[in-house]
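Kindly generate the complete structure, drawing on both the sequences and the hints.
Here the protein sequences come in this chain order: U and X.
Counted the way numbering that gives the first Met the number 0 counts, the first sequence spans residues 0 to 534.
Counted the way numbering that gives the first Met the number 0 counts, the second sequence spans residues 0 to 99.
Treat the hints as calculated values from the structure; they're not laboratory data.
Don't take every hint at face value.
As the list claims (entries may be wrong) - Per label pair, the in silico range of CB-to-CB distance:
1. X/L92 / U/G491: 50 to 60 Å
2. X/F53 / U/D254: 19 to 29 Å
3. U/K181 / X/L92: 54 to 64 Å
Said to hold, decoys possible - Where chain U lies over chain X, by a calculated footprint (3+ residues, C-beta under 8 Å):
4. 31 to 38
5. 48 to 58
6. 62 to 74
Being a predicted model, the structure only gives us computed values, none of them experimental.
The C-beta atom is built at its ideal place from N, Cα and C for all residues, glycine as well.
One-letter residues, chain by chain:
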Amino acid sequence: MKQTFRQSMSWLHTWGGLWFTWILFAIFLTGTLGVFDDPISHWMREKGKVSETPQTTAESRSRAVTLAQDYLVQQAPRAEFWSIGLPDDEEPALRVFWREAEGKPFQQRRLDPLSGTEMKPGSTRQTEGGHHFVHMHFELHAGTAGIWIVGAATVAMLVALVSGIVVHKKIFTDFFTFRPGKGQRSWLDGHNALGVLTLPFLFMITYTGLIIFWATYMPAGILARYQGNEDAFFAKLTEGPAPRPLQRIDAAVPDLVPLMLRGEAAIEREARFVVVEHAGDRSAAVRIFGRFDPDAEADSLVGRNSGTALFDAITGETIDIQKPNTVRGGNVLATQRTMNALHFVRFGGYPVKWLYFLSGMAGAAMLATGAILFMVKRRKKAGDEFGSATPRVYRVIEAINTAAIAGLMLACIAYFWINRLLPLDVTDRATREIQLFFAVWLLTLAHAALRPARQAWVEQLAATALLCLTLPLINLITTGDWLFAALVRGDGETAGVELSAIAFGLIFGAALRHLQRRSASEVRATAAAPIVEGA
Amino acid sequence: MNSPLAPPHYRLALLSRVVAAVIGGYLLASFSTIFLSFILPSSLPEAVLGATLFSFAIYTAAIVWVFAARNATRAWLGLLLPGSSLAAASFILYLAGAAA
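Okay, here's the thing in C-alpha cells:
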C-alpha cells in the first residue's frame with residue numbers, strides 16, 4: 000500500500016464506511032425519530048382523546064404504594080430491587096417492576112391503581128410507543144450485545160468522519176457545489192453537502208453517544224484505579240452515599256407510605272417512583288424519585304433532575320437527600336453530564352428538538368447517499384474487489400442497501416400501522432408490535448433479494464410513501480380520531496405526528512417521480528442511440 | 000471480469016491492520032486512560048472520568064494511524080511504542096503512589 004495519506008483515507012472511508020453504513024443508518028434514523036419519542040407515544044396511546052387525568056393526591060399515591068407493596072411481597076419477598084411507578088398523565092396504570100437477583104429476568108406488571116389487581120390485556124392500547132425507536136437506537140433490542148455493536152459502529156462513524164474530511168480537501172467549495180441530474184456526480188455532491196452541512200452536529204452527536212456509556216466502553220480506568228468496583232467509584236464520583244452491600248439477614252420491608260411522604264416533603268416534589276433496593280434484606284434502602292418538571296430550569300444543561308430521597312428501609316434513618324435541580328460532583332462530572340444533555344436534547348424545548356430532528360435526518364440521508372454512491376459507482380464500472388465473486392457480492396450489497404435504507408423506513412412507518420391494526424387483547428401486545436416491526440423489515444430484505452435492484456427500490460419507496468400519506472386515514476378508521484380533530488382541539492403532538500408522516504410521504508413521492516423520470520429518459524436515450532449512429 | 004482476488008500477502012497485511020486498529024487501538028486508548036488518570040490535576044474519580052472522556056479521541060486517532068501507516072509493521076510499531084511507554088509510566092507512577 001504505497002500511497003498518499005489522502006488515498007489511504009479514501010480507502011478507509013469507502014470500505015470502513017460501507018460495512019458500517021447500514022447499522023449506522025438504522026442508529027441515525029431511529030435515534031432521530033426518538034427525538035420525538037414522547038409525541039409518538041402520545042399518538043400511539045391515543046392520549047389526545049383522553050381528557051385530562053385528575054391530579055393525584057397524597058391519599059391516592061399512598062393507596063397505590065400500599066397496593067403495589069402488597070403485590071410485590073406476594074411475588075418476590077426477597078429481590079435485588081422493587082420499583083413502583085405511580086400513575087400519571089402519560090401512564091394511568093400503577094406499574095411494578097422487580098428482579099429477584101442479578102442475572103434473573105426483569106419482571107414488569109401493570110396494576111389497577113384502585114384495586115391492585117393485574118390489568119387485563121385489551122383495557123388499553125399497550126405499546127412501547129416511541130421508546131421502541133430509542134431502544135432500537137442504542138441497543139438494537141439486543142441488550143448488552145446491542146450496546147457493544149452500537150458502540151463499535153459509533154467508533155467507525157468517528158473514523159469515517161475524520162477520513163471523510165481528509166478525502167474532501169476542498170470542503171467549502173464542495174459545500175456550495177450541487178450538480179443535480181448527473182448520476183454518480185450528484186450522489187457524491189449530495190453526500191458531501193449533507194456531510195459538511197451537519198459536520199459539527201455529527202461530531203457532537205457521535206462523540207457524546209460514546210460518552211453516555213463511557214464506563215461500559217472504556218472500563219480501563221475504573222479497573223486499574225478502583226479494582227473494577229464501580230459502586231465504590233460512582234459513590235465517590237457523584238459525591239453520593241456509600242454503597243450498601245447485601246447483609247443476607249432476612250428483614251421484611253416495613254410500610255412504604257410514611258417513607259414516601261417523608262421523601263416528598265424533603266424534596267418538595269410529588270413522588271414518581273418508589274424503589275426498594277435489596278428488598279427483604281437487612282441492607283434494604285428506599286429511594287423516592289420526584290416527578291420530573293419539564294418547565295423547571297429548562298434552559299440549563301447541567302443538574303436538571305427531579306430530586307431523590309434515600310432512607311434505610313428498616314430503621315427509617317435518612318441516608319441522603321438531593322433536592323431537584325441541584326448539582327453534585329466536580330467539573331469533569333459536569334462536563335460528562337453536559338455531553339449527555341447535549342445528546343438527549345434535554346434543553347431548549349421544541350425549537351432545538353426540531354433542529355436535532357432535521358440534522359439527524361440530514362445525517363441519515365448522508366449515510367444513505369454514501370451507501371448508494373458505492374453501488375452507483377460500481378454499477379457503471381465494476382471494481383473487481385472480490386475476484387470472480389464480485390458480481391455476486393455486489394448483488395448482496397445492493398439487496399442489503401435496499402433493505403437497510405428503504406426497508407427500514409418502510410418498517411418504521413409500518414410500526415405506526417401495526418400499532419393501530421393489532422387487536423388490543425393480544426397477550427404481550429407491546430412485544431408483538433416490535434416483533435412485527437422486525438418481521439416487516441425482514442420481509443423487505445427478502446423482497447430486495449428477489450426483485451431487480453431498481454424495482455426493489457421503487458416498490459419499497461412507494462409502499463413507504465403510501466403508508467406515510469394515509470396514516471391519518473388509518474387512525475380515523477381505527478380510532479375515530481384524526482388530524483383535523485387534533486388540530487381543532489389544539490393537540491400539537493397528535494397533529495405533529497400525522498403532519499410529519501404526510502411530509503415524509505410527499506418527500507418519498509417526489510423521490511419516486513424523480514426515479515421514474517430518470518428511467519424514462521434513460522429509455523429514450525437508448526432508443527435514440529441507433530439513429531445517432533446511423534446519421 | 001474474472002480477475003483473481005488480491006494476493007494472499009496483501010490480504011494477510013490487511014487482516015493484520017484490522018486487528019491492529021480494533022484491538023491494538025483499543026489497548027492504546029486503555030493505557031492512555033490509565034496514564035492520564037495518574038497525571039490529570041483533579042481528584043482521583045474525576046481524573047478517571049476525564050481520562051476516559053478523552054480516550055475515544057485517542058482510539059479514533061489510533062485507527063486512522065493504522066490505516067495511514069506505510070505498511071502493517073509500521074502500523075503496529077506506532078501503537079506498541081506509545082502503548083508500552085504509557086503502561087511503563089503508569090506502573091512507575093503506581094509504585095511511586097504506593098511508596099508515598
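Review point. Which numbered hints are broken by the structure, listed smallest first?
Key: Checked against the structure, the only hint that fails is number 2, while the rest are satisfied.
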